[in-house]
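If you read the sequence shown in my numbering, its first letter stands for residue 127, the second for the next number, and so on.
Don't read these hints as lab results, they were simulated from the structure.
Even glycine gets a Cβ: it sits at the ideal position worked out from N, Cα and C.
Hints may contain errors.
[Unchecked claim] Restraint-style ranges between C-beta atoms, simulated for each label pair: (1) 212 / 155: 28 to 34 Å; (2) 216 / 138: 39 to 45 Å; (3) 208 / 144: 29 to 35 Å.
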Amino acid sequence: MPKYIIERDIPGAGQLSADDLKGISQKSCSVLTDMGPQIQWQQSYVTGDKVYCVYIAPNEQAIKDHAQQGGFPANRVSEVAAIIDPTTAE
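Sequences are here, hints too, so could you generate the full structure?
Here it is as structure tokens:
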């Protein structure tokens, strides 16, 4: 199943409290539960004004549906073409 990186513009994201992040995570998980097992959230990276999320989903529309239902921005959705890491150099 395809893997996606979602770029979310969230001004001040890096200043969100642990409780804020927990609430956002809970909302995301609730929507994912309602959508079923075909879409999975792997992890997210919080930066100054953006959150980058890694999802496995059947298609880009599922990602957009999740964002809409959760009230989250999905400013850019990119399908992962390949994954590399230091072992790729070996």
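- Message: Tell me the numbers of any earlier hints that the structure contravenes, in ascending order.
- Response: none
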